[in-house]
Each structure stands twice: as C-alpha cells, then as structure tokens.
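K.L.:
Residues per chain are reported as follows:
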Amino acid sequence: MKKLSARRRHPLAALVVLLLALAATGGLYAAFAPADKAKADETAQSLAIDEGKKLYSVGCASCHGTGGQGTSDGPSLVGVGSAAVDFQVGTGRMPAQQPGAQVPKKKVIYSQAEIDQLAAYVASLGAGPIKPTEKQYSPEGADIAKGGELFRTNCAQCHNFSGKGGALTHGKYAPSLEGVEPKHIYEAMQTGPQNMPSFPDTTMPQKQKQDIIAYLDAVNSEKTASPGGLSLGGLGPVSEGLFAWIFGLGALIAVAIWIAAHSAKAKKS
Amino acid sequence: MSTTTTDERREAGNGEKFADWADGRLGIYTLAKTNMRKIFPDHWSFMLGEICMYSFIIIILTGVYLTLFFHPSMNEVVYDGSYVPLQGVQMSEAFNSTMHISFDVRGGLLIRQIHHWAALIFLAGMFVHMMRVFFTGAFRKPREVNWLFGFLLFFCGMFTGFTGYSLPDDLLSGTGVRFMEGAILGVPVVGTYLSFFIYGGEFPGGDFVARFYSVHILLLPGIMLGLMITHLILVFYHKHTQFAGPGRTNKNVVGAPLLPVYTAKAGGFFFLVFGVIAIIAAIASINPIWEIGPYRPDQVSTGAQPDWYMGFAEGLIRVMPGWEINLWGHTLVLGVFIPLVIFPLVLFAIAAYPFIEAWITKDTREHHIADRPRNAPVRTGIGVAWVTAYMVMLVGGGNDLWATNFHLSLNAITWFVRIAFFVGPVVAFIITKRICLGLQRRDAEKVLHGRETGIIKRLPHGEFVEVHEPLDAGQLYKLTAHEQTRPAELPAAVDENGVKRKVSAMEKLRVKLHKGYFGEQSQIAKPTAEEFEEITSGHGHH
Amino acid sequence: MSSQDNSENLPSEQDPEHGSVERARDPFADPGLPPHKPRVQDIDEAAARRSERVVAGLFMLSMVATVAFIASFVIFPIDKIVYIFPFGHVSALNFSLGLTLGVALFAIGAGAVHWARTLMSDEEMSDERHEIAAPPEVREKVMQDWADGVRESGFGRRKLIRNTMYGALAMVPLAGVVLLRDLGTLPEDKLRKTMWAKGKALINMNTNEPLRPEDVAVGSLTFAKPEGLEEDQHDFQTQIAKAALMIVRLQPENIKDKRELEWSHQGIVAFSKICTHVGCPISLYEQQTHHVLCPCHQSTFDLSDGARVIFGPAGHALPQLRIGVNSEGYLEALGDFEEPVGPAFWERG
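Chains as they are written, first to last, in the UniProt record's numbering: chain A, 1 to 269; chain B, 1 to 542; chain C, 1 to 349.
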C-alpha cells in the first residue's frame, strides 16, 4: 500500500487513474446498460403493442375482428406473426380496398413505424414468423446460381423464369417480383401470403432464401442486362410472336409497298 | 441508256465468249430467251412470297453458322462460361454450347437472334402469303398443285421451327418436348411405342437433341428446299397472276421485265429483308435461354408457350375438356388425342379448299386474274371464318398471358375460347359476306354515279348536292371486269323423252352449294351497259 | 390487247348445265393499257442525276456500315453492357454489330430499289399467256408413245414379271423399317414404375436432406425426390421425370377424400408433381383453396379431394404416394405409386 501511495505523485499516476476510471465506467456501463435497454425495450414493446392496437382497431378490426380472431371478411390473425404484417401492410396490400379474387399491391399508407406497431400488436396475439432482420434477407455473399436452381424448382412455376409473374385460377395471379424489396420477398417466402404457399426455414433454410433473393436481384432488377436488346416483357414466345408479326412482318410489308408503288410521275406542264 | 464506250464493248466481248461457252454446254440461251425479260406484275401483296423465300435463305445462312458452334449432345456438363447466374449449374452440352454461342462467341448472339427472328417472320410471311393467295382465288387452275407445295412448305416449316426451338434444351423448350411426349403417348394403340422410339427409350433419355438436330438441319430443310425450288419454277412457268385493269386480261401479264427492273427490285428486296431482320436482332432479344435455364423434367415456368406458329395447336390442347375413356384395360385419351387430330385437320381443310371449290364450280378454265375478295363473298367468308378459328385458338394458346395482362380470369378465357371456336367462324362468315356484298354495291354505285368528290354544290333553287365525278374508262373496266356466275340448276326431273333422270345425292349437294356461292344472296349483279347508258345520258350526273 | 383475240385458248364460257356462265357480258370494253407517263427523271436529266447520287450514296453508306461492323467487332468486348434508350441495358457488341450489319444490307437493297424505281424504264410491258394444256395432236402423240412403250415392255402381257416386281418393290422397304427397331427400347412396364419403393425416405429437393413431418408446415409447399437419387447420376433426368414429388400439409379435417387421408401422415400428403395431362411439372399450389394448377395447359386439381381434376384438359387425378414415418422419425414412402404417373397412354387401363 505504501508503495502505491508513495507513487501517487508520479507524473503518470493521473493517467493510470484516468484509464482505470474509464475502464470501470465502461465496464459498469457494459454490465448495466443492456439491462436498462432491455427494460426500456420492454416498455417500448408494450407501448408499441398499445399503439398498434389503436391502429388496428381503426384500420383492421372491421374485417379481422376486434381481437384479430377473424370474421367472414378476413382471416384470423392469431399466429400469423410480425413478418406477415410487415409484408401485407408494407406492400400496401393491407388494408384491402375491396373484395376480389386477390388483394393487389398498392400505395403504402402506413409509415414503417406504424407498421412495426401493428406488427407488434398482431405478434402479441400468437407466436408466428418474426419480421426478419437485414442480416437475414441481405443477398450479400449469396450463391446466385444456387438461387437460380432453387427459384426454378420452387418459384418459377408461378412467378415465371425471372419473376415476371403469371396467372392462377379464377383471376388470381402470382405478381411480378420486379422492384419488390428483398425484405418483402423474404417475408413472402416465410409467411405465404394469400394463396402463395409458405417456404418455412425447416424446408428452405435462411441461406437458400438469400440465394433466391440474390438470384432475383441478378435477373430481375433495374440494372439487369438484357444483352440481346428489348426484353419484350420477359414473357417468352407470345410477346416475341407479336413483335415478329407487328414489327418484323409489318416493316417488311411496308418495304414491299414502297417497292411495288408506282414512282412519282412528272407533273403535266 | 448511255452510249457504249470501247472499253465496255471489250468487256462485253469477254462476257459473250463465256456465255457462248456456257450455252454450248448448258443451253442457257434457250432458257434466257423466255425468261430474261419475263414480266412480273407489280403489287405489294405479290411480294409476300419473296419475304418468305428470303427469310428462308437467311435462316439457312445463319443456321450453317450456328452448326459450327452448337453441340447436339445431351451429355451433362457443369457450366463455367461467363454468365454468372448459371455458373456451376448442371446442364446438357446442347444448352452449354448455346450459352457459349450467346456469351462467348463474338457475334454469336446476333446470328442466333437473326436465325430465330427470321424463323418467326418466315412462318408469319408464309401465313400471310397463303392468305393472299386464298383471298384472291389465285389457287385456281392451273395453280392448285403449287398451292399444295406452298401449304407443305408451311406445314414443314412449323415442324422445322419446333425441332429447332427444342435444340437448346432449355427449360421452356424442354417443357414443349415433354408436351410432345405426352401427346404421342395419347395416340391409341401405338402411342407408347412411338414415344419410346422417338426418345430412344424413356423420356427424356439422352437422344432427342441429336435426333431433332438431324431432322432440323438436314431432313426437313432438305425437303423444304426442294419444295421451294419447285414452287418457284412453277411460279415462273405459270406466270404470275395479276389484278384486272385496263390492258390486264386473263391472257396476258403486264408489268416490269425480270431484267433489269425485277432483278433490281427482287434482288434489292433480299437485302432489305436481311437488313430489317438484322436490325430487329440488334434491338430485340429473342429466346434468352440464360434467363430460362437448362431443362429439368421436374422444373417449369409459368407462361410456358411454344413459338407463335404452334400457338394454335397449344390453344386446342389447352381448351379441350379432359375426356378419358377406360375400357377393357385400355385408355383412350380423347382429351389429348382429339386436339392432336383436329390440329392437322384444320390445316388440311384450308389446303383442300381449292379442290372443293373446283368441284362445286366445275370450272375447268385457267384463271390468271386475281379476284378482288369482295367479288367472291362466300370464299372470302370461308377464309375469314378459318382465320377466325385459327386466331381464337391462338388466343387460347396464350390464355394465361391474356389473363394476367388484361386482369381476366383464366377459366373465363378458356370458356370463351371453347365457345368462340364454334360460334366465331359462323359469325365471321356472316359478317364478312355482308361486308363483301356491301362493297360490291358500292362498286356498282360508283360505276353508275361516279366517285363522290366531297364537293357540295348549291343549285340555283337552293338545293345542296354533292358533285359526283364520273369514272374514267379504265376504272369503269376495272370495277366491272370480274365475272359473275349464274347459279347451277338441277336438270329437269324428266328428260325430253320422258325418262326419269337420276341425279346423285352428291350432285344435289353440289348444286345446292353452287347456289350458295352464286345465288342472289351471294352476289350483287354488276351494272349493265344499258343501265349505265340510261343514267349517264339522262338527267346528268349527281 | 383486248380480251377477244385469242379466246380459243382460254374458253370463257362453259356448258350451262355446270353453271359456270357469266351472267352478263362485261359492260365496259377494256380500254387497253394506259399511255405511259414519264417520270421526272425521264425528262429532267438533273433529276436523274439526283437519283443517281442518292443510289450511289446508299451504296456508299453500305460500305461505311460494313467498315463500322468490322470496327465494332474489334472494339467492343463481348461482355460490355451499355444503356441505350429505349432498349435498356444491352450488349454493346450485339447492338452495334446488328445495327451496322442491318444498315449495310438495307442500304444495298434500298439503293437497288431506288435505282429500279427512278432510273430504269418504268414502261409497263405485256407478255402473252399460253394455255398450259397441250394441243390435241401433242396429247395424241404422247398417248401413242406411252401405249407403244407399255406394249414393248410386255408389262401387261407378262403378268408373272409384273406381279413379282410389285412384290419385290413392296418388300424391300421392310429392310429399312426393320432397321428402325433399335431407335428405342420397348415400353414394357417402364411407364408404370418409378424409383419410389417401400422405405425410401422423402428427400427435400432444396436441402438434399430427408424430411421430418414437423418440417412441413400447413400451407407450405415442398418438393421431394426419392432417397438415393442424386443430380449427377446419369439417369437423373429420366428418373426425376417420373419420381418428382410435391408435398403439402393440410389440416386432416380438410381432407375430403377418405383414401387420401389414409395415405397421408398427419395431414401431410404427397402427390406426383407430373401432370396427368401431358406431363408438365405441375405445382402452382394455391394454399388457401388447396388447388394446384398446371402452368402449361391449366389443368386444375383439388389436393384436398384426392387431387381430382376440377378444370382443364387433364383426364384423371394426380397419383398419390402413400407415406409414413420411419423409425428415425423421417418421412418415407410406403411403396411405389399404385398407378402410372404422368400422361395417360393406351395400355394404362
């Protein structure tokens, strides 16, 4: 102790103390802050649930029932999870405008914060797929070619080779995947919105979902190259046939008309 | 044109010497005597056949280039070319080499696209050309045989196209090949054996690409080349039809000579066709197999369609109800087999039409004047009815895309097509015939009262009249040059000796049809010289 | 030039009984070809020279375009992608090669046609047509020659030669037919059997791992292949063409068909993925309606009711694979499909 006190006037002592103090504060903060945050989160969570409930009773309850139990106009939301809410409301599908074969994508009317509150409320009704974090759906470092194979096995039958969409029965359809955010693609696979089947992690692990998202990003995004020229909607032979008839044969017939037309005669003078 | 210089004369001398040499061995002068200044009439619709011939030549040229790089093999390899989203994917060598052509051969993609676009245009051109010949009655004697050759070209073209489309072994064409397997399995009695013989065993096996390849590049194009040359020789031999007009009769052909005008125009047209198709291949992508992926029998994409010329068959197969009869341990797959039979029947119906019409009209004269479609309302109606049935099925073949792009129900479209296939042609026939008769009436009106000028004149007593301008002699002739046939009558039941005549049922049917073709309800009598005289000499024209 | 001169070749009237008689004679006489009117180029040498310059200009344009084609071939790397409005992100090489080639060809054609239209004579000429059928004396001669030839050959008289020749010619193509025998194996029962057998685990197509019942959620869609089938196997394509399997889970109370329920495992049902119409891999599963649609010809099947056909051209239900759980808790097949998968065929019965 003596030794220590003898050196307390050492020029570096202040520095050592300062470092110790900093370490202690840091350590203490590290030890206590998370707990504080968790507590804060919990309150935030219950707050979010409350807020979400308010939003819910205004915007959703008329179809899905006041407690999310579902009515004849809308399915039960118990157990659909926050991912489903984030997808449905985040793509503008919910709230639905009118009944029909299928609820289409439209302008989003809630802010992301409000969507999160709604999601929190619905998630509180029963456990279900949780809204993914960015790390889960980010296509960073995924295997594009594997994604392509998975896409052709699991998705192309409804959404077409490169995700241009396609028809289902009685006016239902698989929408185009162009410009759909990775998060929403991930959530759709997780939750199976409307008539789409789900592809849960148990049969299609997270890594494979990322591969699929990476593949779509490569073949169906704004920057996707179409080396041959106009992609004609990526719809295959039907649009190609129309193009060949209208622009191909059309241009050639125009040329034929020019060739066969009488050349201009000199005006009578 | 200009005076020949000594320079040119010397060159011509060399040319002449060569020509003499060739004539002594090949007899080219005799050939040239009748053909060098052969006359071709000018009309844009007479050039549709040229579009087909030139696109066929383009297909052959580009096809030969593609064979230099394409490997018709179904051995499985792992892709390691430059297209990232397929790297490491297992595929057949056929697909791999098509990827190589598209991404690693400079200009390969362009040639592939020219080849495919030219094929679509070739078939479309043949279709339109065939319709032109149909609607102008240019298939009548002496051209019935050439009509059949042309039809066979279209028919072979469809299968050449189908086999070529299947070669890259991509997911889309593979689905089509699988469809073909299913369709063949549906053939009663021999279906399974046919299928096993075509695919070298079970589907997909490892043979069909190589087999389709030899059919696509050798067998069918060889047949088509022969047909096309014969078709062309007959066109030369018969001399082209022409529309009626002043100085253009059934006994002559009026137009420009082969040398020089037609050589320049037709030769130039080849370059124009090639140029247009090259530009299309530059700006529009076709069959991007890299997006589609390699074929696997357990994978599929929605919107699985064949190229347009098979769309009609696709429509038939899509809208057919799924009838299946199981009896005595056998299955009759009507749901597949009926469309498989209707498909060639519909095509053969149009091919057989010239012979049916000839049987009805009993007309054995040569016809070199092309009919204006309005002047043959029943034939025109039948043609439009046929096209309607074809188009309805084409719509049926793309029912899923109509559904998504026009927000309709797939099932509703299918039902619409099922009904329209039967109702549409009837309605189309009735409407077309009425339109034709209306146009005939308008022609008669024009002949008698002149052309409406759109100029309104006020008469001294205040009445407004439109000024009609009388047609000149050429136009008058043109509008009345078509012949009108009197409907046939059954011979009297009893001949002059009081013996009962026997009239076969076929003959009764023929006379009935003849009345349908040429009866009062099917043609408007063209104005007579007397009528014209009366009107024009009378109270002036208005 | 009028229509009356050589009418003996091409009769315009026929036996009235056959009905092909014109109702009335043409009311207006054919005035004959109109007189030729000159073009500007025919009378104005300056205009003709202008045309000449246009034609030569087009031919020169073609030459320039060919040079540009070669230059593009050399300059642009094959993988260069450029954005060109309105075509999008396209290959620079394909675009420039196609455009320059197109212009090089089109300009030649346009030059030739312009030349023909403006500088070559546009006076219309007329060729006579001659009847195609030979005159009677020629016909007579040919018939006589034919009869002579036939007589000299003795074809009609020596029936033994004729009949044996027909026989030989009819039989010799059989050699060619026989040669086709080895085009393929015989069907036997190959269309009736798949790789599925009792005890084969259901392998998830995605993960290549066997499936547990708890992996398969209600409303999800999973594809499976039989245990022991790997992608690099030489007959993978042929095997998967029959064995591809589609797995969904329904609430057991939603399953209407009794056999389907029996063959399921806790509501998990496994159906063939191959359409019974013409064999497309069907799998457009609508999880709310339990309908599955074929993307090729739109046959629709109800998976909650024995996969019976409810729309479209398919003739019978999708075959169901009977499944259970093995001792390790994985889903397994309890046998092969009981009926042939895929399209119907004559021997199917």
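Derived from the structure by calculation, the hints contain no laboratory data. Any given hint could turn out to be false.
[Claimed, not checked] Only pairs whose alpha carbons sit at most 30 Å apart, straight line, appear in this in silico DSS-like list of lysine-lysine: (1) LYS33(B) to LYS267(A); (2) LYS223(A) to LYS141(C); (3) LYS141(C) to LYS33(B); (4) LYS141(C) to LYS141(B).
K.L.:
Could you run down the list of hints and mark each one as holding or not?
P.N.:
Hint check:
1. LYS33(B) to LYS267(A): Violated, at about 37 Å.
2. LYS223(A) to LYS141(C): 77 Å, violated
3. LYS141(C) to LYS33(B): Given that 30 Å is the threshold and the Cα spacing comes to 27 Å, the pair holds.
4. LYS141(C) to LYS141(B): It holds: about 24 Å lies between the C-alpha atoms, which stays within 30 Å.
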